[in-house]
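Chemist: Kindly generate the complete structure, drawing on both the sequences and the hints.
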Amino acid sequence: MIQTSPDTRPRSAPHVTIRGLSKSFGPAVIYDDFDLDIPRGEFVSIFGPNGCGKSTLINMIAELIPRDAGEILIDGQRIRDVRFGYVFQNYREALFPWLRSIDNIRYPLKFLNMSKGEQRERVDKLVEYFGVKIDLNKYPYELSGGQQQLVSIMRSLVVEPEILFLDEPFSALDYEMTLFMRDQLQKVFQETGTTMVLVSHDLEEAIYLADHILLLSRGPAEIADFVPFDLPRPRDAGTLTDDTFVQVKAHCLEIFQREVRKG
Amino acid sequence: MRSTRMLPFLGVIGLVVFWYIGVFVEVVDPVLLPSPVDAGTAIWNGMTGGGLLNDFLRTIERTTYSIVIAAIIAIPLGIFLGSSENLYRSVEFIVDFFRSTPASAVFPLFLVIFGVGDETKVLVASFGAALVILFNVSYGVMNARKTRLLAAKVMGASKMRVLTDVMLLESLPQTFVGLRNGVSLALVIVIVAEMFIGSVDGLGYRIINAQMLFEMPDMYAAIFVAGALGYGFNFLFLMIEKRFVHWSGK
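Protein sequence lines, in the order shown, are assigned to chains V and P. The opening position of the first sequence corresponds to residue 2 in the working numbering, with each subsequent residue numbered one higher. The opening position of the second sequence corresponds to residue 815 in the working numbering, with each subsequent residue numbered one higher.
Treat the hints with caution; some may be incorrect.
Straight-line alpha carbon distances no greater than 27 Å define the calculated DSS-like cross-link-like pairs of lysine-lysine that follow [stated by the list, open to error]:
| hint | chain 1 | residue 1 | chain 2 | residue 2 |
| --- | --- | --- | --- | --- |
| 1 | V | K117 | V | K139 |
| 2 | V | K139 | V | K126 |
| 3 | V | K263 | V | K250 |
| 4 | V | K188 | V | K134 |
| 5 | V | K134 | V | K117 |
| 6 | P | K967 | V | K126 |
| 7 | V | K139 | V | K111 |
| 8 | P | K973 | P | K1064 |
| 9 | V | K188 | V | K250 |
| 10 | P | K960 | V | K139 |
| 11 | P | K973 | P | K960 |
| 12 | P | K960 | V | K250 |
| 13 | V | K111 | V | K126 |
| 14 | V | K188 | V | K126 |
| 15 | V | K111 | P | K960 |
| 16 | V | K117 | P | K967 |
| 17 | V | K139 | P | K1064 |
| 18 | V | K139 | V | K188 |
| 19 | V | K111 | P | K973 |
| 20 | P | K973 | V | K117 |
| 21 | V | K111 | P | K1064 |
| 22 | P | K1064 | V | K134 |
| 23 | P | K967 | P | K1064 |
| 24 | P | K960 | P | K1056 |
| 25 | V | K111 | V | K134 |
| 26 | P | K960 | P | K1064 |
| 27 | V | K139 | P | K1056 |
| 28 | V | K139 | P | K967 |
Simulated from the structure, these hints should not be mistaken for laboratory data. None of the values given here were measured: they were computed from a predicted structure.
Modeler: As C-alpha cells, this is what we get:
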C-alpha cells in the first residue's frame, strides 16, 4: 500500500541491534548483558515464560521504559529518530475516547509535518486499504473490542512505520476476531515489508505469523532459541496442520517447557 | 418505558399526600406545618412579586460568582499540582486539612477581614468550593491512564502535548465531579452566610427572616426554592458534562 519507494538497504543487515542490555526491577534482574539482532523486514514473534521480560524488551526498544545499561539502535539511530508504531494490548486505554475513531487514526500524523489535506488523504488511503466496514465517525467506546483494536492498529500504521511493535494485541479478543486480525496483520506485513515485532503468549499465533520465533528464558532473560519458520505466505488455516508448523511448534514447546521447569 | 419514567412523580405525590394527612390529623401545631397548598401559594406569590424571586436571584448570583472564582483558581492550580505527583504529595496534607475544615468555621474570620458585604459571602463559598475542585482536578490529572500517556508519547507527542492532548482531557470527568460537589458546597455556604448579620437579601436571609416573623408558609416556600436551586445547579452541571465529556464512565 503505502511505502512507494523500494527499500534499497540490504535485507540482510539487522534492523534493530541490541548490545549489552541490562534491566532490573528492584532485586529482580530481567536482562543482564543481553544481545539481539532483529532482522530487517522480518516478522519476529517473542515467546517465553510469564515474567521473562517479553513486553519489557519491546518497551525498552520503543523507549517507553528506561533501560539500566546497554545500547539499542534502529538502523544505527535512536528510536526517537525513527518512524515506528506500537500497538498496546489494552486498546480501551490506548485509544483516546474523546476523539472519533477516524481522528484517533489521524492523531499521530499531527507530529509529521503534514498539511490537513495530506493527512486526510493518508487516512482515507489506509481506510480503503483495510476495507473497513465500521463507521469510523463513531467514538471508540461505541465500537466492539475487535473494532477498537483494528482502529488502534490502523493508528499505528498510518505513519507508515519502518518498524511495528505489538504487545499481545489480540489477547483480549474472541477467537473469531483474533483469526481475522491475524490475517489482516499478515496482509499488511506481506505488502509493506515493515519489520514487525510481536509479543505473544499464544504459541500458535506466534509461530503462525512469524519468520523467526524468539524464545526467551527466564531471569535474567537469554535467547533460548531463535527458531526460523519459513512456510510461504499467505498462511491460512491449513498452515496450522502443516507438518513443518507442527514440528516447529513441538520444538518451541519443548524449549518453553524446559525453561519453565528451570524457573 | 413510559411507566418507569413516571416513577419519580409517585414519590412526590406520596410525600404531598403524607403531608396532607399530617396537616389533617394535626400531628404538629397547624402554625408550624401549613398545608401543601399554603406553601405552594406562598411560592407562587413570592415568585410573582412577593420578593422571593429577588432573593432567589441574589442567591443564584452569589453562588455563580463563587463557583466561577473557585473554578478559575482551582482548575489551573489543580492541573499544575496534579501534573507532578511529588508536588501534589507535598501539599496534599494542607489541601486535605482545609478541605476537611468546615467552611462555615472560617466565616467569622472572613467577616473580620472582608467586612459584612457580599464579598465575604462569595469568598467563603469560593474557598470551600475551590478546595473541593482542586482536589478532584489534581486526582483526575494524576490518575490519567498510564497507557494513554504512553500511547501519546510513542506517537511523538512532546511533554507539553501530552499534557494538553491527553492529561487535560483525561482529568475532565473528575473535574466535573469536583465542580458538582463544589457548587453544592458553595450553595450551602452562601445560604448559611445569608443568614448571618448584615444580610439584606438572599434565600438564607429570607428563611431566617420568615422564621423570626413566624411566617411559616413563606419559610417553607424559601426552603423548597433553595432545594430546587440545589437540584437545578447539579442538573445543569450534569447536562454540561454529558455534552462535553461524552466519554465519561465509558
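Chemist: Each hint needs a verdict: does it hold in this structure or not?
Modeler: Hints, verified against the model:
Pair hint K117 of chain V plus K139 of chain V holds up; C-alpha atoms about 20 Å apart against a cutoff of 27 Å. Annotation: proposed proximity of K139 of chain V to K126 of chain V holds, straight-line Cα distance about 19 Å (limit 27 Å). Of the supplied pair hints, the one linking K263 of chain V and K250 of chain V holds, its CA atoms being roughly 20 Å apart against a limit of 27 Å. Taking the CA atoms of K188 of chain V and K134 of chain V, the gap is about 17 Å. The hint holds against a cut of 27 Å.
A C-alpha spacing of about 24 Å is found between K134 of chain V and K117 of chain V, which places the hinted pair at or below 27 Å, so the restraint holds. Among the hinted pairs, K967 of chain P with K126 of chain V is consistent with the structure: their alpha-carbon atoms are about 25 Å apart, no more than 27 Å. Distance restraint check for K139 of chain V and K111 of chain V: the Cα-Cα separation of roughly 20 Å lies within the 27 Å cut-off, and the hinted pair is therefore satisfied. For the proposed pair K973 of chain P and K1064 of chain P, the alpha carbon gap of about 26 Å is at most 27 Å, so the pair holds.
For the given pair, K188 of chain V sits about 22 Å from K250 of chain V by alpha-carbon distance, which is consistent with the 27 Å threshold. Restraint check for K960 of chain P and K139 of chain V: satisfied, since their Cα atoms lie roughly 24 Å apart, inside the 27 Å limit. Our distance criterion of 27 Å between C-alpha atoms is met by K973 of chain P and K960 of chain P, whose separation comes to about 14 Å. Between K960 of chain P and K250 of chain V the CA atoms are separated by roughly 35 Å; this puts the pair beyond 27 Å, and the hint is violated.
A hinted pair counts as satisfied when its Cα atoms are at most 27 Å apart, and K111 of chain V with K126 of chain V qualifies at roughly 17 Å. With a C-alpha separation of about 15 Å, the suggested pairing of K188 of chain V with K126 of chain V holds against the 27 Å cut-off. Distance hint between K111 of chain V and K960 of chain P is fulfilled; the C-alpha atoms sit about 21 Å from each other, no more than 27 Å. Of the pairs offered as hints, the one joining K117 of chain V and K967 of chain P holds, with about 21 Å between alpha carbons and a cut-off of 27 Å not exceeded.
Restraint check for K139 of chain V and K1064 of chain P: the C-alpha separation of about 13 Å stays at or below 27 Å, so the hint holds. For a cut-off of 27 Å, the pair hint linking K139 of chain V to K188 of chain V stands: about 25 Å separates their Cα positions. For the hint pairing K111 of chain V with K973 of chain P, the CA-to-CA distance comes to about 15 Å; that is within 27 Å, so the pair holds. For the suggested pair K973 of chain P and K117 of chain V, the alpha carbons sit about 23 Å apart, so the restraint of at most 27 Å is met.
A hinted pair counts as satisfied when its Cα atoms are at most 27 Å apart, and K111 of chain V with K1064 of chain P qualifies at roughly 26 Å. A distance of roughly 23 Å separates the Cα atoms of K1064 of chain P and K134 of chain V; the hinted pair therefore holds under the 27 Å criterion. Between K967 of chain P and K1064 of chain P, the direct Cα distance comes to roughly 23 Å. Compliance with the 27 Å bound is thereby established for this hinted pair. For the proposed pair K960 of chain P and K1056 of chain P, the alpha carbon gap of about 24 Å is at most 27 Å, so the pair holds.
Note on K111 of chain V and K134 of chain V: the hinted pairing holds, with a Cα-Cα distance of about 25 Å set against a maximum of 27 Å. Simply put, K960 of chain P and K1064 of chain P have alpha-carbon atoms about 17 Å apart, close enough for the 27 Å limit, and the pair holds. Simply put, K139 of chain V and K1056 of chain P have alpha-carbon atoms about 16 Å apart, close enough for the 27 Å limit, and the pair holds. Under the criterion of a C-alpha separation no larger than 27 Å, the hint pairing K139 of chain V with K967 of chain P is consistent with the structure, at around 24 Å.
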